[in-house]
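Take the given structure of chain A and dock chain B to it, following the hints.
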Amino acid sequence: MGVTGSAMKELNLAVIVKLEPDFSEGNVSYNADGTLNRAETKSILGPHSAIACSAAFYAKVKYGARISVGTMGPPIADAALAQAQQICDADELHLYSDRLFAGADTWATAETLRAGIAKMQGKMDIVFSGHRASDGETGQTGPQTALKLGYTFLGHVIDYEVDMDRRVVRAKRLITLQGFYDVIEEVEAPLPVFIAIDPSYKPSFNTVSQRLAYEKYQKEAKARVANYKQYLKVFNAQQLEVDPKMVGLPGSPTIVYKVEKIPKAKASRKTEVIDGSNRAELRRVAIKIHEVLGGMVIK
Amino acid sequence: MTEHYDVAIIGGGSAGLAALKQLANLGKQAVLIEAGKQVGSKNVSGGILYSKRPKRGSTHNVEDVYENFLSEAPVERKITKYILHAVSKDKEFAIDLTSAHEYQANFAYSVLLNRLNGWFAKQAGEAAEKQGGGIVSGVHVRSITLNDEKTIIETDEIEPFEVKAVIAADGVNSEIAQLTGARPKFTPAQLYQGVKVVVKLPEEIIEQRFGIGPDEGAAHLFSGDITLNHIGGGFLYTNHDTLSVGAVYHYDSLLGRPAEPYTLIDALLKNPMVSEFIKDEVAVKQEIDKSLPKEEQLRIRFAVSKLVKTWNELRDAHYSPAARRKLVEAGKYKSEDEIKARLDSIRNELQTKYATRFVTDYVELEYSAKLVPDGKRCMMKKPYHKNVLFIGDAAGRGVFIGPRIEGINVGIDDAVRAANSVARAIDRNDFSTLGEHYTQQVEESPFTRDMREIDKDYLKTFLDAAKDVPKDIVGQRYGMIFRLMSSGTFRGLAVGFANILGYDKLLPMVESEETYVQVPIEIAERLGQTVTATYTPTIPGVAERIARLKYDDDRQPHIKVLDPESEFMKKLVMLCPTSCYSLEAGKVMLQHEACIECGTCAKETEWRHPRGEKGVIFQYG
Chain A
134 MGVTGSAMKE LNLAVIVKLE PDFSEGNVSY NADGTLNRAE TKSILGPHSA
184 IACSAAFYAK VKYGARISVG TMGPPIADAA LAQAQQICDA DELHLYSDRL
234 FAGADTWATA ETLRAGIAKM QGKMDIVFSG HRASDGETGQ TGPQTALKLG
284 YTFLGHVIDY EVDMDRRVVR AKRLITLQGF YDVIEEVEAP LPVFIAIDPS
334 YKPSFNTVSQ RLAYEKYQKE AKARVANYKQ YLKVFNAQQL EVDPKMVGLP
384 GSPTIVYKVE KIPKAKASRK TEVIDGSNRA ELRRVAIKIH EVLGGMVIK
Chain B
73 MTEHYDVAII GGGSAGLAAL KQLANLGKQA VLIEAGKQVG SKNVSGGILY
123 SKRPKRGSTH NVEDVYENFL SEAPVERKIT KYILHAVSKD KEFAIDLTSA
173 HEYQANFAYS VLLNRLNGWF AKQAGEAAEK QGGGIVSGVH VRSITLNDEK
223 TIIETDEIEP FEVKAVIAAD GVNSEIAQLT GARPKFTPAQ LYQGVKVVVK
273 LPEEIIEQRF GIGPDEGAAH LFSGDITLNH IGGGFLYTNH DTLSVGAVYH
323 YDSLLGRPAE PYTLIDALLK NPMVSEFIKD EVAVKQEIDK SLPKEEQLRI
373 RFAVSKLVKT WNELRDAHYS PAARRKLVEA GKYKSEDEIK ARLDSIRNEL
423 QTKYATRFVT DYVELEYSAK LVPDGKRCMM KKPYHKNVLF IGDAAGRGVF
473 IGPRIEGINV GIDDAVRAAN SVARAIDRND FSTLGEHYTQ QVEESPFTRD
523 MREIDKDYLK TFLDAAKDVP KDIVGQRYGM IFRLMSSGTF RGLAVGFANI
573 LGYDKLLPMV ESEETYVQVP IEIAERLGQT VTATYTPTIP GVAERIARLK
623 YDDDRQPHIK VLDPESEFMK KLVMLCPTSC YSLEAGKVML QHEACIECGT
673 CAKETEWRHP RGEKGVIFQY G
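Sequence order for the protein chains is A and B. Every number in our numbering is 133 more than the matching position in the first sequence, counting from 1. Every number in our numbering is 72 more than the matching position in the second sequence, counting from 1.
For reference, chain A alone in the conformation it holds in the complex (with noise of 0.2 Å):
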């Protein structure tokens, strides 16, 4: 009973999450010119963050682990940090935030998180990230920091297992080749190890001991996360001991030169708004349907 493996030692666990806007509806607010307003629109855990933080989570459940989240970002993503600890009842939260670090790509960011983690308690075993943002392609992020702590990368992960006694990580990628078929690879690599998790990933637990350590976790974040500030540390540039030229702007060996719309294409279907509440309306649509199916019997 209890938590398989629990007298090896507990496994060191790290994710780097990433304050996104909300695009959901109701939510998300547009400029006239179609560009996001970011003033006018929430934001949140980025979707992507939140399944890496599921992950982690698993291990927890299923190992016993000591979670870390780190984020970068403006002060205000200590909310996403929140969201994060709510899934994987994180037991530290670090947000770096300073304005030198402003203007960073993902390499410069790359930098900071680095930083960031050497500064977590423990030497991480594990560190998450997310498969990519959902408000840029900045997917490499999780990579570069990879290269930067000299951990093993695995990318496009969807299940995971860790052999506590050897130390291992096994790993199954899921890889599209393109036009052909998706092969699941089945990796080994030992610890210390990056993950990049694919957003199929869904974590299952499969015994009841697994089951009752959730619920526990849960619970516990949940308390956690009300007090969550306490949890929480905040590092500027100087106290995360990086060089100011490696980070933001200056550490940026990219820039965003220029931003395109690329123009939608016309759609060829047209709309009508059909009041529900109609049954005539109602009717005619079933009828159109009906149609469409080419006479299937519908009932």
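Among the hints, erroneous ones may be present.
Lysine-lysine pairs mimicking DSS-like chemistry, simulated, CA-CA at most 30 Å apart [claimed, not checked]: (1) K378(A) - K252(A); (2) K352(A) - K622(B); (3) K357(B) - K378(B); (4) K366(B) - K397(A); (5) K454(B) - K222(B); (6) K256(A) - K142(A); (7) K425(B) - K381(B); (8) K362(B) - K399(A); (9) K622(B) - K355(A); (10) K357(B) - K349(A).
Derived from the structure by calculation, the hints contain no laboratory data.
Just chain B, lined up with the frame of chain A:
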């Protein structure tokens, strides 16, 4: 490697949760397996929870299991009025049964099980965690293997695990009973079918209308023509800010003359007295002018929806002292008068700007159905199989005698007895006599006695309450018995004689169309007052009721029709509360998506609960 636990409890209803809490109270490790995504999402009850103190023997009450029940549990209202109405068309005659309701009772609360079982789960789960157990939800038990030394539980979702004993609390349609062969499925003659709607009504309107104080509650029972000549009756219980309105019928009476369950509940809702009880002020939106530009139509739609929503929420707060205070304390309004002023201004804006009408009607929140095992007819004589103990509905236990309706408390009492027996077996490390020991404990339960024989003291209380009813109405057939029972001198003798006959022979005589329908109609016609309804309720159709329910669809049906041409299955076309069955070319077809898992069709189907997390998710219960 198979995991080991001391005890598995199957099913997270009020009974299963009480077993978990009691085992934790005794320092024993137990895991409770619940198929619903969250505990409480599958539970339905009429809704009164009793705590009893019988003269002979003792019961294990809810407050004994949960020490903080009285101070913290989210119960609805303490039922302080209990009234039986004999009704016929617009005539109504009331018999105050409050004294019978209070008979040997510490208290009784109206409850909504989703909320209450959620609270039970929190208490029981935390206590169980300390003993290395807890609650595992979203997991459906598929099979139990009972070898000589081993009991292995297999599920649809997680790896098999081993236990020393099992408490089966998986309800009236217990799969564990079928898997173990502990008992056959209940027959229609042993069951009631209950259908209920939860109706919205603001807090202080309830108190005013039912003549009760804050936190006090009323229960109203109905018999007579509302049953459409079936054996059964209606009920209406006041909750905190809702009403539970339902109809309960002998299942075999429904089978004899099939009627759609919703027509029975509709008949109840249309009774003038009930209509008046449930009425409320309802906003009716004006049809949007189709000639307006599309954008303007949308703008109006969103604006009206938002205003109506705000009006509803603010109105609920206006009629709730606690909510009013909260709004003022939070600084949202300066005073309670300001809330009223705002409410009036929204109403005015809706009327003048958007031609919204405010009419008298009622608001239905949730439609549900459940089978109830009639303990008198179906309690298990041997409520166990090897080291598997059955409790509550799963064991067919409940006390239903005329207006005495008790189920939840009986399940809790069973749960404590089962938990105590299991704890004893664990301490002795001997499970060979577990079943017999539990059976003996159950035999000692006052509820078991009530399921076997008439309690003459209860009968006296009941008859005293009904003393104004002329004896001759009760009819020639029962005249003698009734007169004997009513007489103080002969009651003991009559009850003694009746108990010698036993419930088996007695029940068909007492529970008949005559007593349930004809007698109340005659009482109402001769003695009743006229009640006039001030409006006609707009009752939603079954499709609309289903559409309001929440489901997590399982593509794989959990029910398999065995013989699509059987007479029983053909009756299901009418008897299924959500019309899941239809007749095509003489064969019964099932569409399981709308199933609310009542088990009405279980007798002749391969009936299982849906897989973990799947199926209906009740919000009130």
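Hint-by-hint comparison with the structure:
Of the supplied pair hints, the one linking K378(A) and K252(A) holds, its CA atoms being roughly 19 Å apart against a limit of 30 Å. Under the criterion of a C-alpha separation no larger than 30 Å, the hint pairing K352(A) with K622(B) is consistent with the structure, at around 25 Å. Annotation: proposed proximity of K357(B) to K378(B) holds, straight-line Cα distance about 12 Å (limit 30 Å). For the given pair, K366(B) sits about 23 Å from K397(A) by alpha-carbon distance, which is consistent with the 30 Å threshold.
For a cut-off of 30 Å, the pair hint linking K454(B) to K222(B) stands: about 22 Å separates their Cα positions. Distance hint between K256(A) and K142(A) is fulfilled; the C-alpha atoms sit about 12 Å from each other, no more than 30 Å. Our distance criterion of 30 Å between C-alpha atoms is met by K425(B) and K381(B), whose separation comes to about 16 Å. Taken as a hint, the K362(B) and K399(A) pair is honoured in the structure, with Cα atoms around 27 Å apart against an allowance of 30 Å.
With a CA separation close to 26 Å, the supplied pair K622(B) and K355(A) stays within the 30 Å bound. For the hint linking K357(B) to K349(A), the alpha-carbon distance of about 47 Å lies beyond 30 Å, and the restraint is violated.
The structure fails hint 10 only (numbered hints given earlier).
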